[in-house]
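Undergrad: Fit chains B and C to the supplied structure of chain A, relying on the hints for placement.
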Amino acid sequence: MIPTILKRLLAVVPTVVVATLLVFSLEQITPGGAAEAAAGPTATPRQVAALKHQMGLDQPVPLQYVTWLADVARGRFGQSVINRQDVGAEIAQRLPVTLELTLAALLVALLVGIPLGILSAARRQSRIDGVVRSGTGLGLAVPEFVLAMFAVDVFALKLGWVPPTGFTPLSQSLASNLQGLILPALALGSGAAAIVTRQTRGAMVEVMDSPFMRTAWALGLSRRQIYFRFALKNALISVITVIGLLAGALLGVAVLIERVFVIPGMGSMLVDGVTQKDFPVMQGVTVVFVAIVIVINLAVDLSYAVLDPRIRR
Amino acid sequence: MSSPAGAPRSLTRPQPEPWPAEGDGCLLRIRGLTVTYGLRSRHPVRAVAGVSLDVGRGRTLALIGESGSGKSSVARAICGLGPVESGSIEMDGHELTAAADRPAAAGERGIQIVFQDPVSALDPRWPAWRSVAEPLVRDVPSPGDRRERAIALLERVGLDPSFGDRHPHQLSGGQRQRVTIARALAPGPKLVILDEAVSALDVSVRNEILVLLDDLKRQGGLTYLLISHDMGAVAQMATEIAVMYLGRVVESGEARQVILHPVHPYTDALLASVPTVSGDVVEPSFRPRGEIGDTAHPPPGCRFHPRCPLAVDVCTTEEPAMRTVRGRLAACHRAEETDRLRRVGGQPE
Amino acid sequence: MPVIDDLSLQVQEGEIVGMVGESGSGKTMTALAVLQLLPRGGRMSGSIRLEGQELIDLPEAEMHEVRGARVGMVFQEPVAALNPVFTIGSQLLAAIRAHRDLSRSETRSRAVELLRNVGLPEPDLRLRQYPHQLSGGMCQRAMIAMALASGARLLIADEPTTSLDVTIQDEIVRLIRRLAVESGIAVLFISHDLGLVSRLCHRVAVVYAGQVVETGPTRTLLESPLHPYTKALLRCVPNLHEVGVVHRGIPGTPPLPGSAPAGCRFRPRCEFAVDACGAPQELAPLADDHLARCVRAPELAGLRREMARS
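Residue numbers (this note's numbering), protein chains in the order written: chain A, 1 to 313; chain B, 314 to 662; chain C, 663 to 972.
Take these hints with a grain of salt, some might be off.
Only some residues are given here: those of chain C computed to face chain B with a beta carbon under 10 angstroms [what the hints assert, rightly or not]:
{"hint": "1", "residue": "H794"}
{"hint": "2", "residue": "G798"}
{"hint": "3", "residue": "D832"}
{"hint": "4", "residue": "I847"}
{"hint": "5", "residue": "A848"}
{"hint": "6", "residue": "H854"}
{"hint": "7", "residue": "V859"}
{"hint": "8", "residue": "L862"}
{"hint": "9", "residue": "H864"}
{"hint": "10", "residue": "P900"}
{"hint": "11", "residue": "L902"}
{"hint": "12", "residue": "E904"}
{"hint": "13", "residue": "V907"}
{"hint": "14", "residue": "V908"}
{"hint": "15", "residue": "H909"}
Far from chain B by the CB rule (all over 10 angstroms, computed), these chain C residues [as the list claims (entries may be wrong)]:
{"hint": "16", "residue": "G703"}
{"hint": "17", "residue": "L712"}
{"hint": "18", "residue": "R778"}
{"hint": "19", "residue": "E821"}
{"hint": "20", "residue": "P942"}
None of these hints come from the bench; they were simulated from the model.
Glycine included, every Cβ here is placed at the ideal spot set by N, Cα and C.
Next comes chain A alone, as it looks inside the complex (with noise of 0.2 angstroms):
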């Protein structure tokens, strides 16, 4: 097992370098540099070249690139341009937030999307079957955030059942924290639970077509059994491929639901962030997201060693 987490994590290696230099490289290609924007609209060009020389902008781009990775890897991403306001403290404070609504989200999603798509898979082709895919349709089609605006309509505003926006911290309070999760949670996860559904409705309907399956109806194991048990743990592979994927994507959604609750997480540091040309937090934020995901993916990848046992070595 040992041996197989070390390859994968040695395999992650390029991966991290070649994001890391695309994250670098956002304020190079940008136009309008660092210092510009830091300096502000009415700075004279003598002001902007000493503010490029303190912040270390004239130096040789690979130095540039090697000095923040070093940083960025102790943990240090800089000051705020804007606001001076050490990042990497911003980020800590912001990204539990972040990860707790997309984990939410994730959880609805499966929580959802994994019984649904087990129960259209048993009664395929009925009218439980078409419900269940009319209901993804939708689930697919329209826009989380649009959802989420009109959730916080309905629920929030006219039927008061949950606070529509603000959010509480979960050291302050686990009732009101849950409370304004609810709303977003489903709305972020409303996407990832119609993947989630087709997807496992998908490989079971897979794995209940194959041989071994047909051994199991012929020994009389319980419905229960054959389904939750030997049918689902071959089906789960390929769903959980799905989630490494969906992952990625929530925590891309999750920027646009924060706005609309008005949660502190990173995603509205991110897009403030790039709205202000605010390099060290673009640069920031982005590092840390390329590292959820890809600790996420490898996370799938071993998972894929404890489900399917052809896998081991």
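TA: Below, chains B and C without anything else, positioned relative to chain A:
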């Protein structure tokens, strides 16, 4: 055995010549062939460990064995479709292993192969005639001529010309296999390798194909190398038999002799497990124990010893060399001894 | 699209009955029909009686009790027929507990006992192994153990040895015979190999194009086959006494399901066909327990007897 009235004729053949074939009559000569897969990888698998065979002109040599015997690897090595680690394969006096393009060299020397699965051997988008005509593309430039030759070949294998326009999915298993046979005959080969060519067919169809193959052989002066695990097909077609186990030949000789008077214990076991209705040919004084060995990790000494009820100490340490017993070759330490016992009428213990 | 038509078969307790037919004969479908395991869209009519109980149209809840507990089934290609992501142990334990409540340790010791009974060496090790780690022969033994785990009185074996090497095939067949003799289990052995069936079975039913065309005790069928198809099949069985003799098969192909001709379905390929064969043929007894679906059977049998005498 008498046949009831109205049964179709059986085909018999004149008595075969004694084996091994004379020098000039030898069409394909294999010496010391070794085939290893994944030679440079961490776990190379030696599928064939030093095999030597002679196929005489106009004969049918059957290579018989179960999984892991290496018989398919031998076939592929001959055609250039599989790796050769060492050894020589001489076709009509020409060495094939040294060629730069081994498959082309094999084809040029007159070797063709028919595989087991007719479904994957034929392009599903092409009508039958086109598959048959494919080997002629280089030598027969006109498509019209090619089609004519293809239709003629299809007739030769017992298919009506109208079948030429059908696609593989419109043909039955037996008909598809006839098409692949026609395709193999198109370049006018000297040696046709039949790699489990009838194994995937229903038994009634299988025998019809065997009849066809026999007819084609006589009419065309062909030589066959028949690779099979099916002793029934082998008994009907072969003039010589070589029995393989875990990459080595354990017994070889003239077909009737090998079947009626086997010398090696594995041949005995193989024959004893053939499901016949006419009663056992060989008194199965014993049965092999356990599973077929692993080619990647063959047992020390004689490869059959873990399953052989006749095994003694020397069998576990020394690989037996081929020795001549009763006019044929067997690789068993106890071959002479058990042969004497058999002749005397006792059972080997 | 009818695949099986009017197929009639009987298996007595402790008896091993063979069902022989080629591809498309409907033999596998018959086996699946017993346990209501037909693929989607399959419909059954007629009667399937197990110890007097009618199985056709049995509701799923009761069918569930029949599967495994009263009828066990093993399939072709044993490695593919076992769940690849679960150990042999998990699957066997599930099979044991499917119809019976046993404690963990009781189940486990029963599992070891079952594996030992089917001749698997090192049963403790096997329980921890996965199907892909075992050979075809070993997987088939494990599958037989699972099929009989809940005390089934009938074992249906659908081509259990077709994909196995011939020496291993021999071992599995002898295992089945031993199990039948030792525990009095009835066996329905389905195969395309008449030779194999004749080695194992007390009685044989020959199937062609969805119908039983001949049935009777094995010896009788082999020595005096009545139906032309049976005779033709016999010709195709390996005969090691006649080396170098190529035996004819049966020219032509079986009819596709649903497109069988009216009257005798073997007629287009039959060397004895006459006009009377155009009428639908009935399965008729010609001797005690020996039935054939051929209007010319008595006549041809008589002819053969005459020839044998002369």
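Undergrad: Please verify that hint: G798/C, Cβ, nearest Cβ of chain B, below 10 angstroms or not.
TA: Result: holds, 8 angstroms to nearest chain B Cβ.
Undergrad: Do the numbers back the hint for V859/C, that is, is its least Cβ distance to chain B under 10 angstroms?
TA: holds (8 angstroms)
Undergrad: Against chain B, does G703/C hold up as non-interface, every C-beta pair farther apart than 10 angstroms?
TA: Its Cβ never comes within 10 angstroms of chain B, the nearest being 22 angstroms, so this holds.
Undergrad: Could you check that no beta carbon of chain B comes within 10 angstroms of the beta carbon of R778/C?
TA: holds (15 angstroms)
Undergrad: May I ask you to test the interface hint for H854/C with respect to chain B, counting a Cβ-Cβ separation under 10 angstroms as satisfied?
TA: holds (6 angstroms)
Undergrad: Less than 10 angstroms between beta-carbons is the criterion; does A848/C satisfy it with respect to chain B?
TA: Not OK, violated: A848/C not within 10 angstroms of chain B, min 21 angstroms.
Undergrad: With 10 angstroms as the threshold, tell me whether P942/C passes as away from chain B on beta-carbon distances.
TA: P942/C clear of chain B: closest Cβ-Cβ about 23 angstroms, beyond 10 angstroms.
Undergrad: Closer than 10 angstroms between Cβ atoms is the bar; does I847/C clear it against chain B? Give me holds or violated.
TA: I847/C check fails; min Cβ-Cβ to chain B is 22 angstroms, beyond 10 angstroms.
Undergrad: Go through the hint on L902/C and say holds or violated, using the shortest Cβ distance to chain B against 10 angstroms.
TA: holds (4 angstroms)
Undergrad: Regarding the assertion that L712/C does not contact chain B, is the least Cβ-Cβ distance greater than 10 angstroms?
TA: holds (29 angstroms)
Undergrad: At a threshold of 10 angstroms, is the proposed contact between E904/C and chain B supported by beta-carbon distances?
TA: At 7 angstroms from the nearest chain B Cβ, E904/C passes the 10 angstroms test, so the hint holds.
Undergrad: Less than 10 angstroms between beta-carbons is the criterion; does H794/C satisfy it with respect to chain B?
TA: violated (14 angstroms)
Violated hints for the displayed structure, listed by number in ascending order: 1, 4, 5, 9.
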